[in-house]
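Trainee: Residues per chain are reported as follows:
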Amino acid sequence: MSFEIPDDRKYLESHEWADDDEGTVRVGISDFAQDELGDVVFVELPGEGDAVTHDEEFGVVESIKAVSDLYSPVSGTVTAVNDALTDQPELVNEDPFGDGWMLEVELDDDSGLDELLSAEEYREQVE
Amino acid sequence: MSLRKPPLRDAHAAEGASFTEFGGWDMPVEFDSIKPEHRAVRESAGIFDVSHMGEIELSGPDAARLLQRLTTNDVTNLGPGDSQYSMITDEEGTILDDTVVYRYPDEEDADFLFVPNAGHGEEMYDRWVDHRDEWDLDAEVTNATDEYAMFAVQGPDAPDLVADAADGRVTDLSKFEAKFVDFAGVECWTARTGYTGEDGFELLVPVESAETVWDLFDCQSCGLGARDTLRMEYAFLLSGQDFDPEDNPRNPYEAGTSFTVKLDTEFVGRDALEQVFEEGPDEEFVGVKLIDRGVARHGHEITDTDGDTIGEVTSGTMSPTLGEPIALGYVPTEYAEVGTKVRVVVRGQSKKAKIANTPFLSE
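Protein chains in written order, with our numbering: chain A, 1 to 127; chain B, 1 to 363.
Keep in mind that the hints were calculated from the coordinates and are not lab data. For every residue, glycine included, the Cβ atom is placed at its ideal position computed from N, Cα and C. Any given hint might turn out to be false.
[As the list claims (entries may be wrong)] Here are a few chain A residues that face chain B, going by a calculated C-beta distance under 8 Å:
hint, residue
1, GLU62
2, VAL67
3, LEU117
With the hints as extra help, turn the sequences into a complete structure.
Mentor: Right under this line is the structure:
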């Protein structure tokens with residue numbers, strides 16, 4: 001099976017992605033991760049203004065069969081949360097790199113962004 | 001320890017199933033994903049491979065007597081082709097396993113069959129043999145688990161599907177009735193039973209003909225994941241989880257299966273259970289629904305509104321049919337009334353919840 005791994009994202013080993021747009025980063029989970037989880041039914045995310053830290057837990061995603069911690073690819077302050085996931089957690093399955101995004105984070109100086117895997121490196125890990 | 005494989009392990013893998021360990025078996029957990037599999041069973045039909053279930057056959061003049069003394073229900077109520085749900089209890093009345101007991105037609109070699117849960121086949125075989133010897137009964141006990149595949153075809157369309165595949169009538173079977181039916185030349189013990197809350201059939205298939213019979217049913221293939229969410233919506237017990245002699249010892253009065261206990265028969269655990277019946281159980285198996293957002297899962301604590309622990313969730317999931325989280329667990333009887341406000345501790349957070357009606361789906 002082959003999974004979508006967009007080249008314009010960076011990845012954490014635990015299958016979260018980061019999409020950097022000039023200091024503000026969108027965060028979500030990869031196509032591989034949503035497929036492993038199965039039907040996502042619940043997403044628990046931090047609030048706006050909360051701090052998240054590179055490679056540390058920031059929330060929880062639950063599918064029918066499993067509960068999984070979410071790890072932040074970057075350190076910074078949450079500036080936006082995808083509220084659509086409250087009523088439509090299935091967006092994480094349907095469009096993990098698009099409408100299924102989870103957070104927007106304004107980066108700290110020491111954000112951890114440079115330590116993330118490239119798409120190519122992540123692909124090697126998954127395949 | 002290597003996992004036991006159901007006969008169609010490789011065929012399921014080729015179909016794209018993912019697998020999980022369950023009761024020592026390597027079983028398909030999902031073919032597509034839980035939601036569509038679950039929906040198929042509620043709205044049309046699905047087929048499950050449940051070959052991990054055990055099969056123990058009994059024959060001989062004392063077969064009925066042996067069964068009667070090791071299960072809580074009244075075996076003498078079974079006519080040929082009847083089956084009954086029953087509990088296997090120890091001296092203290094603790095449930096060791098739950099099972100369905102079948103009486104074969106009179107012309108068959110074996111007289112009775114019972115189906116213990118995955119991983120309990122050997123233990124129950126030993127239990128039957130030990131007690132037969134201790135009581136000096138004349139009965140032959142055979143662990144036939146390796147001789148059969150077991151499939152469940154479940155859902156509102158299951159009667160039509162099974163009738164079309166069968167050479168002979170099957171829809172004349174009432175609930176909990178069974179008989180041998182010919183499927184494409186393969187004789188299968190076919191029972192109108194299941195574990196989903198839907199109408200349907202369970203088939204015992206000779207292991208060498210497993211693929212032939214599986215392929216007769218043109219419906220959604222379903223894994224143990226959907227089997228679990230389907231049974232939870234109907235509050236059916238899962239052996240080893242909603243009761244377990246080691247980790248979660250329960251008697252039938254606590255577990256809500258006292259309808260299977262016939263105190264006017266003689267069986268191991270009867271005297272202890274008569275005492276529970278007279279005094280009433282201390283705790284009850286209940287449904288729980290969260291009011292706050294979150295999903296209660298196996299092992300989560302149930303507390304009163306002051307935060308004092310009163311019980312534990314034994315099974316919990318997001319109900320695919322209702323689109324809301326459902327849970328099962330045990331609480332003291334004084335908290336068991338539907339509507340009672342409680343809390344469930346989900347990952348350290350106390351969530352508002354209430355005791356709910358079961359089954360969660362109304363028939």
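Trainee: Each hint should be assessed against the structure and marked as holding or not.
Mentor: Hint check:
Given the 8 Å rule on beta carbons, the hint for GLU62/A holds: about 5 Å separates it from the nearest Cβ of chain B. A hinted interface residue such as VAL67/A counts as satisfied when its beta carbon comes closer than 8 Å to some beta carbon of chain B; here the least separation is about 7 Å, so the hint holds. About 25 Å separates the beta-carbon of LEU117/A from the nearest beta-carbon of chain B, more than 8 Å, and the hint is not met.
Consistency with the previously given hints fails for number 3 only.
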